[in-house]
Structures are given as C-alpha cells and as structure tokens.
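Quick mapping for you: the protein sequence lines, in order, are chains A and B.
Position one of the first sequence corresponds to residue 3 (the working numbering), numbered consecutively onward.
Position one of the second sequence corresponds to residue 13 (the working numbering), numbered consecutively onward.
Note that these hints are calculated values from the structure, not bench results.
Worth double-checking, as some hints may not be accurate.
Partner residues are not named here, just some residues of chain B that face chain A (Cβ under 8 Å, in silico) [stated by the list, open to error]:
#, residue
1, Arg37
2, Thr49
3, Arg275
C-beta: ideal position from N, C-alpha, C; glycine also.
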Amino acid sequence: MIKVESLTKTYGAFTAVDDVTFTALPGRVTGFLGPNGAGKSTSMRIMVGLTPASSGFAEVSGRRFADLPNPGLEVGVLLDASAQHAGRTGREILTVAQQTMGLPSSRVDEMLDLVSLSPTESGRRVRNYSLGMRQRLGIATALLGDPEVLILDEPANGLDPAGIRWMRDLLRGYADQGGTVLLSSHLLHEIEVIADDLVVIGQGKIVAQGTKAELLRSAGTLVRTPNVQELANALTASGVSFAPSHATGSADALRVDAEAELVGKVAHLAGVPLVELRAAEGAGLEEMFLELTADTQRDGAAA
Amino acid sequence: MTTIALEQETRRVPRPAPAPIPLSRIASVELRKSFNTRSGFWLLASVGIAAVIATGAVLLFAPNDQLTYDTFGAAIGIPLSIILPVVAILSVTSEWSQRSGLTTFTLVPHRSRIVLAKGIVAVGTGVVSMVSALAIGALGNIVGSAIAGVPTVWDDGPAFLADVVLFNVLGMLVGFMLGLLIRNSAGAIVAYFVYSFVLPTLAMLLADSQQWFRDLQPWVDVTYAQSALVNGTMTGEQWANLGVTHLIWLVIPLIVGVRLVLRSEVK
Numbered sequence: 003m004i005k006v007e008s009l010t011k012t013y014g015a016f017t018a019v020d021d022v023t024f025t026a027l028p029g030r031v032t033g034f035l036g037p038n039g040a041g042k043s044t045s046m047r048i049m050v051g052l053t054p055a056s057s058g059f060a061e062v063s064g065r066r067f068a069d070l071p072n073p074g075l076e077v078g079v080l081l082d083a084s085a086q087h088a089g090r091t092g093r094e095i096l097t098v099a100q101q102t103m104g105l106p107s108s109r110v111d112e113m114l115d116l117v118s119l120s121p122t123e124s125g126r127r128v129r130n131y132s133l134g135m136r137q138r139l140g141i142a143t144a145l146l147g148d149p150e151v152l153i154l155d156e157p158a159n160g161l162d163p164a165g166i167r168w169m170r171d172l173l174r175g176y177a178d179q180g181g182t183v184l185l186s187s188h189l190l191h192e193i194e195v196i197a198d199d200l201v202v203i204g205q206g207k208i209v210a211q212g213t214k215a216e217l218l219r220s221a222g223t224l225v226r227t228p229n230v231q232e233l234a235n236a237l238t239a240s241g242v243s244f245a246p247s248h249a250t251g252s253a254d255a256l257r258v259d260a261e262a263e264l265v266g267k268v269a270h271l272a273g274v275p276l277v278e279l280r281a282a283e284g285a286g287l288e289e290m291f292l293e294l295t296a297d298t299q300r301d302g303a304a305a
Numbered sequence: 013m014t015t016i017a018l019e020q021e022t023r024r025v026p027r028p029a030p031a032p033i034p035l036s037r038i039a040s041v042e043l044r045k046s047f048n049t050r051s052g053f054w055l056l057a058s059v060g061i062a063a064v065i066a067t068g069a070v071l072l073f074a075p076n077d078q079l080t081y082d083t084f085g086a087a088i089g090i091p092l093s094i095i096l097p098v099v100a101i102l103s104v105t106s107e108w109s110q111r112s113g114l115t116t117f118t119l120v121p122h123r124s125r126i127v128l129a130k131g132i133v134a135v136g137t138g139v140v141s142m143v144s145a146l147a148i149g150a151l152g153n154i155v156g157s158a159i160a161g162v163p164t165v166w167d168d169g170p171a172f173l174a175d176v177v178l179f180n181v182l183g184m185l186v187g188f189m190l191g192l193l194i195r196n197s198a199g200a201i202v203a204y205f206v207y208s209f210v211l212p213t214l215a216m217l218l219a220d221s222q223q224w225f226r227d228l229q230p231w232v233d234v235t236y237a238q239s240a241l242v243n244g245t246m247t248g249e250q251w252a253n254l255g256v257t258h259l260i261w262l263v264i265p266l267i268v269g270v271r272l273v274l275r276s277e278v279k
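Required output: the full structure, derived from the provided sequences and hints.
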C-alpha cells in the first residue's frame, strides 16, 4: 500500500506538487495520470525519498521510505529507465542491484528471462540499448526483490505495442496476486486499459480521483447536432447543465450532465435534429485531461 | 485452479521485515561499481600500467648512480598522484553525471551510508594501488641494479613510504571531496587540477613577492604542506601544518559536500 498525505513541494514561488493526497491499494493498479510537468515524477521522487517534501508525507507499506531496512525487497522502483550508467552492461546493472539487496545471483537470470532480454542483449552496454530495452531492464530491476509495491514512472514509454501488451499483462498479474502498483502516464488511453483506480493530477493538484468505473460513469451524455445553439437554449430552459465538448474533434457536440433519454426528450420537444446521442464514457475524463494540457501549454507560452 | 489462486493469495501475506543492509555489503558493491564500467576498469588498470611504464622508463633512461629505490618511487608516484584522485572523483560524480544515483539512492535511501562506503572504497583503492605500485618499483630496483651491475640501494625507509602512501590517499580524499561538492565529473576534475596545479602556482608567485604570505604559507597552502610528505622526514611542525591546511581545505569542504549530498534532490 502507498499512502500519500497532503504532499506539497515548492521550488521558490513555484508549487510543483500542491496538497496531494491519495492511497494506492494492494491488489489494484493505480494510474497516476497527468500532462507533462503536472508533478507526477516529483511526487514519485518524494515517495521514494529522492526529493525532500516541503510538507506532508508519503508512506509505503506503512513506513516512510527511508525507514525501510532493505527497500529493494519491499518496493520496486522505476523512475527513469535512462538513468543508468551507460558504460555498464544490462546484466551488470542487475547484478549490482541483486548484490545490494543481498539476493542469490540466480535472481538476475530469472529477471532477464522474465523481461525477455537475451544473454547477448544483457551482455551489451546500456549505451547501446533502445529505450524499450532500457524499460525492460528497469522493470527487471524493480521486480528483482519480489517487492509488494511497485512505483513506475511512465514504464510504457518507448515500448512497442507488443511490449505495452506484455507490460500490461505483467502488471495485471502482479496486482491480481495482491501487489500494489502505482504507475504514471501522460496518456489517458494507456492508463485506461490497465488501471483500476485513477488519480488525475494537473499543475500539481489532484483534479479527480476514484475508481476507473466511477470516473467514467460520471461523464454524462454526449450529444451531437447541427443546431448546437438551439439545443443549448432548450437544455438551459430545462435546467440541465452542459458544456461544449471537443470529443468529436469539431464544435457540434455538447456534453450534458443528464441521462441520454432526457437529452433525447429535450431535443425532441425543441425540434432539434440529433446526429449522435450516447453515454460520454471517457469523454468527460478526456476533456478534463485536454483542458489540463491546454492550460499548461498556455502557461508555457506565457512564461 | 483453486490451488493456484490460494497460492497466489498466500504469496502476499505480510512478510517479516528484511534485515537492514550491512555497510560491508554496500562497500563491496561500491568496489564492484568502480571496476564494472569500461572507463572505471581502464582507469584502475592504468594505475598498474603507469607503474610499469614509469619503472621501465627509469630502467632505460636513469644513469647507473641514480638506480635507487627513491628514483623508482618518485617516477611511479607522479602519474599515480593524478590518476588516483580522478578514480575517487568519478566514483562519486558518476552517480549524478550518469544518473545512476536514482537507483543507488533508492536501494539505499540513507545517502550517508553510500558516501561512507564510497569513502572506504576510495581510501582502500588508494592504499592497495600505492602498495602495489611501490612493489613494482621495488622489483624494478632489484632488476635494474642487477642489470647495471651496481649494488641495490634501498634509500627509502618504511616511514617515508608510509608518508608517500598518505600523500596519495590525501590526494584521493581531495578528489572525493570535490566530487561531493560539485557532483559533476568534468567540473570536479577541472576543480581538482585548479586545486592541485593552479592554486599552488599562484601561492608560489604570491610567496615570492609578499613576505607576510611567505611566513603564512605552510599554514594555509595545502599543496605546500603536502609536499613536505614526499620531501623527506616530517618535523612536528610540518605535521601541524598538514593538519591545519587539511582542516581548511579538506575537512570543512568535505562536511559541506556531504551535507549537500544528503539534502540535494536526486533527479
């Protein structure tokens, strides 16, 4: 289990992580979702003690990370697959971790097998690795100590589709055996297919969290019509709240906070033709996510 | 199917807390890390290579009356006094320059233990390298005098050799300190050359022109104080000079460097 409580990190006037509180539960994959620069990596670095928090705290398996006697056996961590000495071979990097944790050397071969790095590949220096191979090596390092908790920052980066599928099955199996998995991503769809729980972060703050089912359910109804303005007026008159939606890629859609049936009735009474009417599913989440991204981009342009 | 499910369930029952990682294990891993890259391996190999080349050069070029152990020792000592501090620098800075610190400091979150382990390895490497190099020099002395047909002269006693080893270990610790302080390979190596070649030259120029500095120099110029170690027997005052200058130029910056490493963010 990972518990993060009121975590805040400031750099001068800039708040990178702002009062973040969430819990990642055993047996579940928790997706930590946010655009680039939202504070995901900083939060994860604080969890494993690489960055000191300004206030608040994070606990793994009920203890502060620094209080774990042999952290590698309890928490598997992959923060940046490229952060390895480029002059070491893949096997040597695993051996260094294996010796630090005090494990038998056979674990190294088991892990190389698990992540499908061949003896030739593991004998090559990491500077010659593709990003995908580095990710596999990073996963191997994280799993080496058979930990109960995994903290992975963008583990799917650089993997090919088959690799992403492999990673997904691996993490799913790991959580099904009672492990706690926290993984971050800036890609909604990547997280959607694997996570049980979601924590969405933007500009350092949590903007949504809950089970994936809850977050997708709360998204309302998506409706498309050529007469957007008329429908908007009718919905306002009926006291139903709505927002313009960009889910279809054009301006002809609305996301309505009501059941599809009600929206259909309102449209029918107003005589507005509908092109599409369906549960918005991920659309709400996706829009929230796009807004977050747009905000950070605007800030980037202003800075 | 049920059995598998049960096994999987029981696999994650709370396990007893693992034993803490002993310092000896961290030190042995750090020792391995100083050999297991190509650059690290060749850097350490170059200690032996330099000792052999220096010994060979003395055998070839030194006049017969200078074929003494002191000549061999001096020829070997100079390249080592440059290589060994670089070994110490890289053992620290590679964690930042190569970013392997992300893993190192996650597997061992108490950074002071990593720093201590690296310090032990640096001093150990320094002592072992110097003893091996001096042994190669001794071999050269025996072979050289036999070839030239002159008596074998052992003009450096154990006390002086211990001073020479200390001189090189201090040099390594200076490199180690600069590594912690700067945490960047290129920057720390440049700083080391400024520290041990540029500053002494400036100090010498200043001492030549200013009487007050000439009187003060043994107490503030660290290289000046160190050089006494390799220039014959040390007096009590020279030991005091060595202590004071290293307090200013090694111990205090080392404390600052360690604090920086303990507090800094590892990215």
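Earlier hints that do not hold, by number: Every hint satisfied by this model.
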